[in-house]
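A.B. asks: Here's the letter readout for the chains.
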Amino acid sequence: MEAVILLQWTFDTFLGLGLLWLAWRALACPDLFRAIVLFVAFGLLLAMAWVSLDAPDVALAEAAIGAGLTGALLLAALARLRSSETNVEVAGQPEKKGLKVRNPQWLPVVVLLPVAAGLGYVVLSLPPDAVGLSAQVAANLETGGVSNPVTAVLLNFRGYDTLLEMVVLLLALLGVWSLGGAALRREDAPGLVLDTLSRLLAPVLILVAGYLLWVGAHAPGGAFQAGSVLGAAGVLLLLAGWRLHAGLAALPLRLALVAGSGIFLAMAVFTLLMEGQLLKYPPAQAGILILVLETAATVSIGVTLAALFLGGRPPNKQDHR
Amino acid sequence: MSAAFLYALVGVGLFSLGLYALIVHAHLLRKILALNVMGNGVFLVLVALARRTGEARPDAVPHAMVITGIVVAVSATAFALTLMLKLSAATGRAELPDDRRE
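Residue numbers (my numbering), protein chains in the order written: chain A, 1 to 321; chain B, 1 to 102.
What the hints contain is simulated information worked out from the structure, not anything from laboratory work.
Don't take each hint at face value.
[To be verified] Dumping the calculated SDA-like pairs for lysine to any residue here, alpha-carbon to alpha-carbon at most 25 Å:
no., chain 1, residue 1, chain 2, residue 2
1, B, K86, B, L96
2, A, K280, B, G69
3, B, K86, A, A249
4, A, K280, A, Q136
Work out the full structure: start from the sequences and follow the hints.
C.D. replies: Below you can see the structure in the form of structure tokens.
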């Protein structure tokens with residue numbers, strides 16, 4: 001038993017040091033491309049930290065979003081930045097201007113050391129044992145409709161968090177779209193490997209998303225994880241040159257984008273009228289209601305994430321006039 | 001000290017590293033990376049402190065909040081990257097103007 005505990009401690013210590021080192025390298029490395037790749041590796045290591053902290057639901061979300069989609073977004077932005085920078089006459093500047101430092105470096109260190117020390121002191125001064133709200137969650141799990149406590153919190157006990165979050169996703173996409181039309185990418189044909197692989201992987205990813213959605217009721221998984229896997233499938237297809245059919249780009253796309261927040265809002269109003277309380281489901285129907293909400297949220301999250309990756313608003317039929 | 005506090009301290013370290021990089025780097029892509037590292041530090045503190053339940057199952061409420069936070073962070077990152085690209089298209093630089101030279 002001693003050896004197991006020692007092994008666990010060694011693992012945790014090295015994981016923590018690795019996280020700090022990777023974050024430092026990602027933030028200090030002169031080349032932006034390498035910095036982003038290091039950041040993706042940091043996300044994967046962080047997913048392992050979530051597993052070590054008994055948070056498999058967070059680990060799934062981190063692996064799909066934190067490491068996968070954020071990395072894809074950053075790399076796509078870097079590629080567009082490089083092409084726009086070479087177009088506008090700044091090509092003469094040194095390549096390593098990503099490392100340009102503005103202030104004398106000791107000043108922020110002097111200011112931040114007390115901040116870090118204070119935060120560390122506050123964290124260490126917390127009581128070593130605290131159950132938080134887990135007793136309340138466990139006591140109400142019977143009426144929650146699902147047996148996975150994280151899904152119960154996300155969709156039932158604190159459903160309004162998720163409702164507002166769907167709106168935040170929609171707002172972010174509206175912001176991106178209102179900043180301009182679709183940024184056209186290079187339209188060269190994808191390589192044979194990418195083309196074949198995306199055809200093989202996209203259906204598998206959709207299947208995985210469906211599985212995660214279903215299994216989220218009683219095991220790690222749920223709408224966010226399923227939605228981000230769906231978004232990853234969309235990103236893969238977009239990379240391989242797939243574009244939404246122009247007939248689907250107008251109303252059907254927008255319906256898919258607002259499905260999550262729309263159905264959530266309708267459910268909120270319905271429960272407010274029927275039960276007198278926002279998002280308080282009748283215990284007998286809670287399971288099926290949560291599944292309906294999660295399905296709509298999964299579709300919306302997946303489509304929104306893929307649309308965020310594409311950048312601009314896909315052209316409508318009307319735009320072709 | 002338990003493993004929960006070890007990870008919480010790593011979270012504090014990540015937050016401070018990110019804050020430092022946010023201040024000293026001029027390039028906006030680097031600032032966005034730094035903000036993401038800061039956010040991940042906060043998530044790590046939250047999830048680590050939820051683990052203080054001993055042998056029992058960790059508190060599910062911070063887990064749910066962190067999952068929500070991860071999705072909000074990715075959408076905010078996407079919006080910030082678009083703003084950066086627009087700035088770079090308009091001015092030719094992905095940096096904010098330096099106050100001291102004016």
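A.B. asks: Which hint numbers doesn't this structure obey?
C.D. replies: none
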